[in-house]
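**Q** Sequence:
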Amino acid sequence: EETASNIEVCNSANPDCNYEVGTEEAIHKYTSEELDIFLTALQKRLGVELWKKIKFAVIQAGTRIVGTQNVGTFDEERCIQMIEVCRNHGLLSKEHNGDYLSDKQIRLRFSLGLDGLNIAPEFGVDETKLILNELDDNNRDKFYNLCLESARWVKWFPPGFKPGEENKEQIIQASGHYVFSHPEFQEIKNSVPAADKKIKTFFKRKLSNLIKIAHGKNNV
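First residue of the sequence shown? That's 1 in the working numbering, and the numbers climb one at a time after it.
Misleading hints may appear alongside valid ones.
Said to hold, decoys possible - DMTMM-like cross-link-like pairs, simulated, lysine to aspartate or glutamate; straight-line CA separation at most 25 Å: (1) Lys204 x Asp137; (2) Lys155 x Glu165; (3) Lys168 x Asp99; (4) Lys52 x Asp99; (5) Lys55 x Glu20.
Don't read these hints as lab results, they were simulated from the structure. As the structure is a prediction and not an experimental result, all values here were calculated from the model.
With the sequences and hints as input, model every part of the structure.
**A** Here you go:
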């Protein structure tokens, strides 16, 4: 009901939007059967025209992120079952928490029929690292303080994790991308104008490689 209601509100504001539905298991875990029930009910609730605007459904296969590591246990059979549910409903499948996987692990997922993989946090960490490499100690400390105050690092670490001198780098890497739009961070980044060129070059190469992996081609 919440999903349908939100799609209706968004559609009234902008009828050109398309949608992804479902969620990762860290937020709410479901089985392939429950995903099927959810999508069936959603299709009935929304009607033909709004249902056509849903493009992706989120599948769950055991992935989980802690800090900047993928510590989940991939369940191949569960992945296959959920992909099948998506196909039965005419939707593309997307797995969240696809960050920090090896080329082999990514290739396996797409060979099973997966259509999409969410790796945005990994890209945020990559960009953060590239910027950090350009900063002096003073600006590193400013960057850390912004991350600490944002409290966005909390979701990426286990309960009881406490920030300190020994894990400053971990906190920046895991949450730095959340403060990129902060005015103080913009000042920090402007102090290293060479960073943007390095970031663009890095991601052009990385994206090209990921596309080749997803299509089953050799890593280059």
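**Q** None of the hints should be skipped; say for each whether it holds.
**A** Verification of the supplied hints:
1. This hinted pair does not check out: Lys204 and Asp137 have alpha carbons roughly 29 Å apart, beyond 25 Å.
2. With a CA separation close to 19 Å, the supplied pair Lys155 and Glu165 stays within the 25 Å bound.
3. With a C-alpha separation of about 21 Å, the suggested pair Lys168 and Asp99 falls inside the 25 Å cut-off, and the hint holds.
4. In summary, the hint linking Lys52 to Asp99 is not supported, as the alpha carbons are separated by about 29 Å, beyond the 25 Å threshold.
5. A C-alpha spacing of about 6 Å is found between Lys55 and Glu20, which places the hinted pair at or below 25 Å, so the restraint holds.
The earlier numbered hints that this structure contradicts are 1 and 4.
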